[in-house]
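Chemist: Residues per chain are reported as follows:
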Amino acid sequence: MEAKEIIARRVAQELKEGYVVNLGIGLPTMVPRFLPKGVNITLQSENGFLGLGPLEGEPMPGVVNAGGVPCGLAPGAAMFDSATSFALIRGGHVDVTVLGGLQVDEEGSLANWMVPGKMVPGMGGAMDLVSGARKVIVAMEHCTKEGETRILERCSLPLTAKSRVSLVVTELAVFSISHGEFVLLETAPGISVETVREKTGARFAMADKVGEMALA
Amino acid sequence: MEAKEIIARRVAQELKEGYVVNLGIGLPTMVPRFLPKGVNITLQSENGFLGLGPLEGEPMPGVVNAGGVPCGLAPGAAMFDSATSFALIRGGHVDVTVLGGLQVDEEGSLANWMVPGKMVPGMGGAMDLVSGARKVIVAMEHCTKEGETRILERCSLPLTAKSRVSLVVTELAVFSISHGEFVLLETAPGISVETVREKTGARFAMADKVGEMALA
Amino acid sequence: MNKIVQWPEIGPLFRDGMTVMFGGFMGVGTPLGIVAVLRESRVGQLTLIGNDTAMPEAGVGPLVASGQVSRVIVSHIGTNPATGKKMIAGELDVDLVPQGTLIERIRCGGSGLGGVLTPTGVGTVVEEGKTKMAVGGKEYLLELPLRADIAIIKAKRADRAGNLVYERAARNFNPVIAFAADLVIVEVDELVEVGEIDPDMVMTPAALVDKIVLSQGA
Amino acid sequence: MNKIVQWPEIGPLFRDGMTVMFGGFMGVGTPLGIVAVLRESRVGQLTLIGNDTAMPEAGVGPLVASGQVSRVIVSHIGTNPATGKKMIAGELDVDLVPQGTLIERIRCGGSGLGGVLTPTGVGTVVEEGKTKMAVGGKEYLLELPLRADIAIIKAKRADRAGNLVYERAARNFNPVIAFAADLVIVEVDELVEVGEIDPDMVMTPAALVDKIVLSQGA
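Residue numbers (this note's numbering), protein chains in the order written: chain A, 1 to 216; chain B, 1001 to 1216; chain C, 2001 to 2218; chain D, 3001 to 3218.
For reference, chain A alone in the conformation it holds in the complex (with noise of 0.2 Å):
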């Protein structure tokens, strides 16, 4: 399996019936296909509105996603202005957020908007839902093409937010964040926590019963 979708494979196990979602662009956008059965949530996307769905059919005048692209609406979504969409986001109306990551270090803080020099695009929403969202997880390869670990004591590259991380699931583990610590809660199948410390740049403790996992 591909890593990006053990990845999505593993977030869609944290999302519960009735949540309310904001996904980030790339990976986290694979999550809806993994919901278990019986799980239905709301995506929220921050252009505007509630009830993002796929695209069904031909693409209908003004319904696309934060990316500009062509998209579908749930039944029962609800349309409003960008300051009402922040209203919600940062309001704690939003469960869950799921975003990409650059960084992610044990103080729970997130880099994933910028290489200095090198890429500026721009925050856009995503410090906000980082700082707004009752629940952080973070969706991210383990490492970077090069091999260096995203993982670390603290971000070297500028912060999206401080301290709101609370989940993140890469191909290989899966750490939540407290009190300053990485605990790590699983493994992926086949993959030994000292292939998970090989690949971290932080210490991690271990959860009480380290479990493999769940990718239904």
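The reader is advised that the hints may include incorrect statements.
[To be verified] Now the stretches of chain B that chain D is said to cover, found in silico as 3 or more residues with beta-carbon under 8 Å:
| # | region |
| --- | --- |
| 1 | 1049 to 1059 |
| 2 | 1067 to 1079 |
| 3 | 1089 to 1099 |
| 4 | 1172 to 1183 |
[To be verified] Result set (EDC-like, lysine to aspartate or glutamate): computed pairs, CA atoms no more than 16 Å apart in a straight line:
| # | chain 1 | residue 1 | chain 2 | residue 2 |
| --- | --- | --- | --- | --- |
| 5 | B | Lys1199 | B | Glu1146 |
| 6 | C | Lys2003 | C | Asp2210 |
| 7 | B | Lys1135 | B | Glu1171 |
| 8 | D | Lys3003 | B | Glu1141 |
| 9 | C | Lys2003 | A | Glu17 |
| 10 | B | Lys1145 | B | Glu1181 |
Note that these hints are calculated values from the structure, not bench results. Note that CB positions come from ideal geometry on N, CA and C, so glycine has one too.
Got chain A sorted already, so can you dock chains B, C and D onto it with the hints?
Modeler: Okay, now just chains B, C and D, sitting in the frame of chain A:
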């Protein structure tokens, strides 16, 4: 002519085509009856709409003015929530507010919301209206029932807002306020400057040409 | 998730000492059925947050009269003599807040904002005890967020998911308080199926609504 | 008051050095006809305020490409490489503002508020140079109002008075910027008579709208 009608007729002359106007309770609500021919204004109501009109026929559900009294909707009316209503008021989107007063002083400060130990109804939307409307006109009788002047060097009652009133219309006179002084612009038909001076508790300057109040 | 509840389920949601935000302006837009349930429930020591205490027999007036309320945070009490009497008798704390400030404070509470700077109240008794700041040469008061345990809302129509539509000036505080409480209970005149309210016409999105009860007059 | 204008009347409303707020999110909800007029008008040294610089051929992208813009205040530039190139070349100042903060700053500018406290950006580069305040034990940044000389808006429908309705996610920044500019120009797909839009369904009240022009595709 009754004092109130004199005041309402004169205030109506201040309202220009296309103005957005918020009228306080009491005397100010008489003003629209006396609008010059061809002048159309839009009345804002702080309980959440633009386009307040007179009640015609049966009351309609939810169509009430800021006093909770059934009213009508003008063609082109728009309804909104209270946050939007006060965004309009504070944001300078109301051209004129006309409010009753207990006292006005030469700094342009208004007292109209409480009398300590006697009447504490609450300020409602009055403080926002006086702080935010582009032009604040006070429409009130010159003196109290006990004969005490309402036009003072300094208000003795708790203020509604400081230095925001630009025009005061009474049944005796019209004053503008600028740079910390009252300027007598007009006197009512048959009222002498001496009479105005006797009944006014502040010095006032004279306009270059003190006219007679137009009550058309 | 079924949000539709029956009237007997409403009363037990309230507890002594709770803070309750209510929609409505002079009673118009106030959920009168829920107020009646609160009245019958005999919960006490309530803090009410909303525009006004209406009239003795309108809006939240009956709760003031019954002595179930220990504090109100409102912009106006002048039309309900019972509020003033209880205030003077020391039986009721009354915080008077300018209407535009009140709705912004509620909006802050519901939007994760820590406060807002408003010119309203500068130079008046309203500024007492507040932080004053100058921005661009103009003075403002820092006004702080308000939240509640429960918001009670009146809507014209709800779909079964909880999307709401209000009627005319009965909108007022309702859509704003829907963001600012831990539990949001809505009394509606009309309940429709999901999909019957156009997404562009929704005034309060379903995600904010916890419980829906059908008006008994409806 | 006739607010309906023809296309040749739009260009002369703009001047070099003006600040222009635009609706739209990745170009969706941006008044493309007005952008084209601005492009042809050759006014320069513009400051643009809006969500993003879209793509080179979408939204306000063409104005960035043409060099008519000297500053943008936006939340995102990543989808328009021209913006980044001009920024690096020193030809364009780019102020990046978190999206939720950007819309609140515009809302403050349009609502007479002096600023707002937001948790967004605390502990990041966004906090540089800003006042930081603690409220209830949590840290916030004070973010200040934004206003513009002109707001350019795209609506689905207008009545002749100027009441507006937006379509789906094309609403986004449009109704908020309508409060925050000295002159508000709206491009609409459809123009209807006064009374054809139900008062409850108006998304931007006519009082905020100065000029209406009919989309050429419409």
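Chemist: Evaluate each hint against the coordinates.
Modeler: Do the hints match the structure? See the list:
Given as covered by chain D, the region 1049 to 1059 of chain B passes the check, having 3 residues with a CB less than 8 Å from a CB of that chain where 3 are the minimum. Remark: the region 1067 to 1079 of chain B is confirmed as covered by chain D, as 6 of its residues place a Cβ nearer than 8 Å to a Cβ of that chain, reaching the required three. Counting residues of the region 1089 to 1099 of chain B whose C-beta sits closer than 8 Å to any C-beta of chain D gives 5, which meets the bar of three, so the coverage hint holds. Remark: the region 1172 to 1183 of chain B is not confirmed as covered by chain D, as 0 of its residues place a Cβ nearer than 8 Å to a Cβ of that chain, below the required three.
Annotation: proposed proximity of lysine 1199(B) to glutamate 1146(B) holds, straight-line Cα distance about 12 Å (limit 16 Å). Under the criterion of a C-alpha separation no larger than 16 Å, the hint pairing lysine 2003(C) with aspartate 2210(C) is consistent with the structure, at around 6 Å. Between the alpha carbons of lysine 1135(B) and glutamate 1171(B) the distance comes to roughly 20 Å, so the proposed pair goes past 16 Å and is violated. A distance of roughly 39 Å separates the Cα atoms of lysine 3003(D) and glutamate 1141(B); the hinted pair therefore is violated under the 16 Å criterion.
Straight-line distance between C-alpha atoms of lysine 2003(C) and glutamate 17(A) comes to about 13 Å, which keeps the hinted pair within the 16 Å bound. Simply put, lysine 1145(B) and glutamate 1181(B) have alpha-carbon atoms about 25 Å apart, too far for the 16 Å limit, and the pair is violated.
The structure is inconsistent with the numbered hints 4, 7, 8 and 10, although it conforms to all the rest.
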